[in-house]
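K.L.:
Chain by chain, the residues:
There are 2 protein chains.
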Amino acid sequence: MHPHPAPAAPILPPRDRILAAARELFYRHGIRAVGVEAIAEAAATNKMTLYRHFGSKDELIAAYLNQLAKEGDELWERLARDHPADPHAQLEGWVAYVEDVLANRGDRGCAIANAAVELRESDHPARKIIDDYKTRKRERLVALFRDADYADPELLADEVFLLFEGARINIQCCANASGPASRVVGMLRSLLNEHAPKR
Amino acid sequence: MHPHPAPAAPILPPRDRILAAARELFYRHGIRAVGVEAIAEAAATNKMTLYRHFGSKDELIAAYLNQLAKEGDELWERLARDHPADPHAQLEGWVAYVEDVLANRGDRGCAIANAAVELRESDHPARKIIDDYKTRKRERLVALFRDADYADPELLADEVFLLFEGARINIQCCANASGPASRVVGMLRSLLNEHAPKR
DNA sequence: ACGCTGTGTTACTGAGCGGTAACTTCCTAT
DNA sequence: ATAGGAAGTTACCGCTCAGTAACACAGCGT
Chain Y
0 MHPHPAPAAP ILPPRDRILA AARELFYRHG IRAVGVEAIA EAAATNKMTL YRHFGSKDEL
60 IAAYLNQLAK EGDELWERLA RDHPADPHAQ LEGWVAYVED VLANRGDRGC AIANAAVELR
120 ESDHPARKII DDYKTRKRER LVALFRDADY ADPELLADEV FLLFEGARIN IQCCANASGP
180 ASRVVGMLRS LLNEHAPKR
Chain W
0 MHPHPAPAAP ILPPRDRILA AARELFYRHG IRAVGVEAIA EAAATNKMTL YRHFGSKDEL
60 IAAYLNQLAK EGDELWERLA RDHPADPHAQ LEGWVAYVED VLANRGDRGC AIANAAVELR
120 ESDHPARKII DDYKTRKRER LVALFRDADY ADPELLADEV FLLFEGARIN IQCCANASGP
180 ASRVVGMLRS LLNEHAPKR
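If you're matching them up, the sequences are chains Y and W in order. Just so we're aligned: 145 in numbering that gives the first Met the number 0 is position 146 of the first sequence, and the numbers increase by one with no gaps anywhere. Just so we're aligned: 72 in numbering that gives the first Met the number 0 is position 73 of the second sequence, and the numbers increase by one with no gaps anywhere.
I should point out that these hints are in silico values taken from the structure, not numbers from a laboratory. All C-beta atoms, glycine included, are put in the ideal place defined by N, C-alpha and C.
Examples of chain Y residues lying across from chain W (beta carbon under 10 Å, computed): (1) G29; (2) R107; (3) G108; (4) C109; (5) T134; (6) A156; (7) D157; (8) F160; (9) C172; (10) N175; (11) P179; (12) A180; (13) S189.
Throw the hints in and build the complete structure from the sequences for me.
P.N.:
Written out as structure tokens, the structure reads:
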């Protein structure tokens with residue numbers, strides 16, 4: 000009942016509300032399809048406050064993508080923390096995460112990949128965030144396969160990486176939910192087993 | 000020198016020029032990023048003529064996607080014609096096509112998949128075209144693997160399909176050209192060999 | 001009391017968008 | 001020769017967009 004610091008206040012500062020609203024709307028309807036006014040309104044605030052925190056829509060987009068990239072990175076850190084010095088378990092944990100993502104009805108694909116499709120200007124501030132994130136993700140997979148003593152970790156990582164990327168883009172092309180994406184987790188597990196290194 | 004029917008006239012009727020311009024601009028800059036005025040101008044015509052041939056931008060988008068889908072379908076028909084009753088050769092032909100596509104510098108991914116990302120309204124006329132095309136493509140691959148007597152043609156087709164889709168989306172996320180996509184042709188050939196049926 | 005800072009509110013600008021009206025020009029079929 | 005239709009031209013409508021100005025109002029620490 001303490002009024003001021005509100006231990007777990009349900010009301011966030013405007014900047015966080017704006018970022019949360021942008022995240023929801025950008026992901027659901029697309030970046031170019033959503034105007035700043037709609038975001039401000041969804042954040043229960045107004046355009047002026049939005050522009051005080053983010054100098055332009057492009058900056059807001061960059062902040063949106065930075066947030067997503069940060070959360071993506073945290074997944075890997077969590078995997079490493081939960082299974083220290085056990086790359087096999089980390090790989091399994093990642094596959095479980097993939098399973099979760101693909102099981103989610105109403106998934107609209109990878110928000111970062113979608114942003115790459117929508118933002119094609121090569122000088123857009125978002126491009127570096129996108130490229131860096133995807134490169135980092137691929138390198139994490141390679142490192143994991145290498146640490147797990149798989150032969151040809153680059154090739155295996157690329158294969159696994161592309162299967163997941165393909166699944167998430169294909170979801171958006173098939174109203175039919177029983178498309179190729181529904182089988183990808185099985186493929187991943189098979190790949191891990193088939194190429195399993197010396198045990 | 001006959002003036003009228005112009006045997007191989009370099010000047011196409013307006014409708015074709017508009018469609019060609021739309022194709023170029025939509026693919027290069029994105030559908031939402033390009034206005035009808037710019038398309039008309041690039042087609043060396045004007046907005047009125049554009050609207051006489053296509054009732055709205057959405058109809059133009061649909062025509063654009065229909066054209067792409069038709070050309071995609073023609074690839075498969077050409078493969079079947081070039082290698083009649085030889086599904087193995089057809090598969091090899093498809094891989095060669097994939098190799099061509101991925102070797103192309105400045106590739107911006109699958110135009111149809113990109114459209115799926117940009118056009119999320121579930122009632123957009125483009126959605127059906129997109130879904131149908133991707134479903135058809137997947138089924139063609141399945142049929143080809145089945146005809147070629149591969150075991151589990153659905154699984155193999157999905158794997159190959161998703162690898163290609165993943166490669167084309169990933170190209171747009173990596174300024175770095177030596178990304179995972181550069182290895183996908185090798186993966187495809189390995190898959191075809193590894194799972195090769197009784198010869 | 002004071003000022004400071006962050007927020008809300010309203011109204012506005014200028015540009016670009018999709019789409020249309022009205023008229024002219026030109027080619028072609030008869 | 002003439003009429004019809006397709007194409008070009010210009011100007012316009014209404015709307016939405018990103019971004020800004022000016023001002024009012026709060027809470028806060030001093």
